[in-house]
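Peer 1: One line per chain: the protein sequences are L and C, in this order. Residue numbering for the first sequence follows the numbering used here, beginning at 629 and increasing consecutively. Residue numbering for the second sequence follows the numbering used here, beginning at 208 and increasing consecutively.
Hints were generated in silico from the structure; no laboratory data involved. Glycine residues also receive a C-beta, built at the ideal position from the N, C-alpha and C atoms. Accuracy of the hints is not assured; some may be wrong.
[Said to hold, decoys possible] Computed footprint of chain L on chain C; a stretch qualifies when at least three of its residues, placed anywhere within it, have a C-beta under 8 Å from a C-beta of chain L:
#, region
1, 409-420
2, 591-599
3, 730-739
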Amino acid sequence: MRGSRWLVLVLGLWLWAISLAQPTPNTPPPDFSPRVFEIARELRCPVCQGESAAESNAGIAVEMRRIIAEQLAQGRSEAEIRQFFVERYGDWILYEPPARGLTLWVWLSPLLGLGLLGYGLWRYLARTRARAQTAMAEVSEEEIARLEAELSRKP
Amino acid sequence: MTPGLLGGIALIAALIFSVLGLVLAVLAYTLRDGRYLEAARRLSTLGLMAALVSFGALEWAILTDDFSVSYVANHSSAHNPLWVKLVTPWAALEGSILLWALLQTAYTWLVSLRAGQSLDVWRAPVALGTLFAVQVFFFAVMVFVAHPFDAVPNPPPDGRGTNPLLQNHWMMAVHPVLMYLGFVGLSVPFAYAVAAMVAKRFQSWIFETRWWTLVAWGFLTAAIFTGKWWSYEILGWGGYWAWDPVENASIIPWLLATAFLHTAQVQERKGLFKGWNFAFITLAFAATVFGTFLTRSGVIQSVHAFASGPVGAWFLLFLLGVMAVGLGLLARVSAEVREAGEVRWISREGALLAGALFFGTFAFVVVLGTLWPLVVEIVSGAKVSVGAPFFNQISIPLGIFMLLLMGIGPVLPWRNTSAQVVRNLAAMLIALGVGTLLGFGLGLTLGVSFAIGLFAYNLTAIWLMVAQGVRERARSLGISAGQALVELASSHKRRFGSHIVHFGIALAALTIAFSQTYRVTEQKTLQVGETWQTRGMEVRLLSIGVREESNRFAAIAPIEVRSTSREGWGSDGRYQTRLNFYPQMSAPLATPVVKYSLYNDYYFVLMQFDQEKGQWATLKVIVTPMVWWLWVSGLIIVLGTLYILWPGGARVPSRQMAPTAGD
Numbered sequence: 629m630r631g632s633r634w635l636v637l638v639l640g641l642w643l644w645a646i647s648l649a650q651p652t653p654n655t656p657p658p659d660f661s662p663r664v665f666e667i668a669r670e671l672r673c674p675v676c677q678g679e680s681a682a683e684s685n686a687g688i689a690v691e692m693r694r695i696i697a698e699q700l701a702q703g704r705s706e707a708e709i710r711q712f713f714v715e716r717y718g719d720w721i722l723y724e725p726p727a728r729g730l731t732l733w734v735w736l737s738p739l740l741g742l743g744l745l746g747y748g749l750w751r752y753l754a755r756t757r758a759r760a761q762t763a764m765a766e767v768s769e770e771e772i773a774r775l776e777a778e779l780s781r782k783p
Numbered sequence: 208m209t210p211g212l213l214g215g216i217a218l219i220a221a222l223i224f225s226v227l228g229l230v231l232a233v234l235a236y237t238l239r240d241g242r243y244l245e246a247a248r249r250l251s252t253l254g255l256m257a258a259l260v261s262f263g264a265l266e267w268a269i270l271t272d273d274f275s276v277s278y279v280a281n282h283s284s285a286h287n288p289l290w291v292k293l294v295t296p297w298a299a300l301e302g303s304i305l306l307w308a309l310l311q312t313a314y315t316w317l318v319s320l321r322a323g324q325s326l327d328v329w330r331a332p333v334a335l336g337t338l339f340a341v342q343v344f345f346f347a348v349m350v351f352v353a354h355p356f357d358a359v360p361n362p363p364p365d366g367r368g369t370n371p372l373l374q375n376h377w378m379m380a381v382h383p384v385l386m387y388l389g390f391v392g393l394s395v396p397f398a399y400a401v402a403a404m405v406a407k408r409f410q411s412w413i414f415e416t417r418w419w420t421l422v423a424w425g426f427l428t429a430a431i432f433t434g435k436w437w438s439y440e441i442l443g444w445g446g447y448w449a450w451d452p453v454e455n456a457s458i459i460p461w462l463l464a465t466a467f468l469h470t471a472q473v474q475e476r477k478g479l480f481k482g483w484n485f486a487f488i489t490l491a492f493a494a495t496v497f498g499t500f501l502t503r504s505g506v507i508q509s510v511h512a513f514a515s516g517p518v519g520a521w522f523l524l525f526l527l528g529v530m531a532v533g534l535g536l537l538a539r540v541s542a543e544v545r546e547a548g549e550v551r552w553i554s555r556e557g558a559l560l561a562g563a564l565f566f567g568t569f570a571f572v573v574v575l576g577t578l579w580p581l582v583v584e585i586v587s588g589a590k591v592s593v594g595a596p597f598f599n600q601i602s603i604p605l606g607i608f609m610l611l612l613m614g615i616g617p618v619l620p621w622r623n624t625s626a627q628v629v630r631n632l633a634a635m636l637i638a639l640g641v642g643t644l645l646g647f648g649l650g651l652t653l654g655v656s657f658a659i660g661l662f663a664y665n666l667t668a669i670w671l672m673v674a675q676g677v678r679e680r681a682r683s684l685g686i687s688a689g690q691a692l693v694e695l696a697s698s699h700k701r702r703f704g705s706h707i708v709h710f711g712i713a714l715a716a717l718t719i720a721f722s723q724t725y726r727v728t729e730q731k732t733l734q735v736g737e738t739w740q741t742r743g744m745e746v747r748l749l750s751i752g753v754r755e756e757s758n759r760f761a762a763i764a765p766i767e768v769r770s771t772s773r774e775g776w777g778s779d780g781r782y783q784t785r786l787n788f789y790p791q792m793s794a795p796l797a798t799p800v801v802k803y804s805l806y807n808d809y810y811f812v813l814m815q816f817d818q819e820k821g822q823w824a825t826l827k828v829i830v831t832p833m834v835w836w837l838w839v840s841g842l843i844i845v846l847g848t849l850y851i852l853w854p855g856g857a858r859v860p861s862r863q864m865a866p867t868a869g870d
């Protein structure tokens, strides 16, 4: 046990050396209830590459979880906490884009996609159907005319 | 000869062979001379061999710790275990382009074996030429921009090491290779489509292209599932799909290839939809390049972008080239293709087209959602995020429609609707209702209950299809039901394979609904010896220790877990939660311990620990239902694909066209 304590110490020093950029204090983080993670999952970790505040281990994400836990303890609602972060970072912090302005288009994209593709499909099918019908009518008329011509020439 | 020199020479040789192959293919097409085609075929073999030598040289350099090669110096280390060294070639940009190019030469070689046989002499030069052109791009990028064998003037004593995220799980040996096999595999359908459009063979290309697309689709599916698995077992957040740009890049070609696999049947059957099929294939291949551009150019940041570098602009040019060739030809062709025919919506083809509509829409949404933050930033300068909560919500309605269509499609006949079909549909709707009510009865949420209903609905559809076919055959031939099933399954491989794949998809949808709805994450700091009662478990922190391993340090906190109620059933055991410290990373990497059970998964992550006295540790516990079944469903889908592709049975086009007893 003594040996492993010593190793922990060495590791601690080494850790301290490599993590000068973001020093982590040697105090235990607070306990987080499931709700903290549910809220944090909807928020972007500002310094990470595509990770939410629930996933990341970066200092700022840990801090965000701490703030969420604190505010929940103060009895704030989910919407209020989200607003708190939006005021500091802007809409960018929300992984769910607001359904207004330019990002409204993202929400409309399924309808837009269905509409465009559906319209294309409908036009295509209408054209093939029309072609099937006219082709049949045309061919038969032509055929009839040619047949009649051939028949009248023969005798 | 050093590995660096050998690899560099082989790369240049491969580039020259590719250029020559392209020239010969063009000559074969313009001069209509079979001798040029024969020469181009031989060059594809030479290209493959040169790429193999080059790849082998990179492995050689890594295995012998030759740090005079820049790739080895930057991305490997003498301390890496053997398996990490073996997979290091695809741990960073230059090496993964080399792997991509190697697989491309292998696919080109496979296609060359068919040239002059199933691939007729009119199309073969164009198809081979297209694949050679793709090869030229990749080898040129390596020779001129991202050279894996650049020499280091003063070789360091040790390399900078491999990305720790990739060293942390053996799945990284498999997942990228599968992904590239899928991505590169889509170049063959593209080449066939180009050949068909140039040679104006608009119908015959579809049969073989379907087969090639299914090969690529199978690899892509396997890659997506192994990627989910890696993400689940390594990233330590308890999820498997984050709608991250790299993940989106892999799902877009998958969706488009899926759309093609369905609409191709309409073309096979009725000769309709030729233009759409050309478009789907072009877009699916373009999407693989688009994804690579997106994630390798640094335009969009991502957790998985392990290999960023200076190749972005090149990939953008290549993407534009692919789109220009594919859609340009399509525009020319669509003036000539005059299809005539009628499609009724309440029929198999109607369901197939509606399915393609939804796959296409889904792909459109993913592309738009991934790019939109860029667009907004360019237009207004504002920064926005479009992430998992958005995609998850949008996937629900789209997924429901697709699951409904997946059940209806195979049940509906190509032509007339009979009383039998109406009875089948009624049975499926009853299953949908009963399943949903069952979910409600168990106290589940509306969404999950409906997911159970949809699963029952699809299961019923598959059961009815199989049972009715078997009963008919058994009765008409006077054989046992078991024998009839075996005979039908071996003579209608496509049909039975698609049943297996559809079953896998239905199961995957069910597990996704459960795991996304009922995942719970909790975090608590424990003193050594302290017990934490949560989620029907007793979690006791036993001790905290440290271990030095060849390529990393590890802090290890063993815990003992006992289940105390049904909620924690299956969680019992002793687990070594650990944090890995890699010299090349500033933050430690948590390696979660995952205990799977038939219902809940228990996920323990060491978040932080007392670095001074070793008295406390902070644990994160994530409980997620049914993730194990998601891996099972992935396996089922891949096995179903394999069943369809396995040689023998009904793969002959003429038999596919014939009406079948199972229909």
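Peer 1: Any hints from earlier that this structure breaks? Give me their numbers in increasing order, please.
Peer 2: 1
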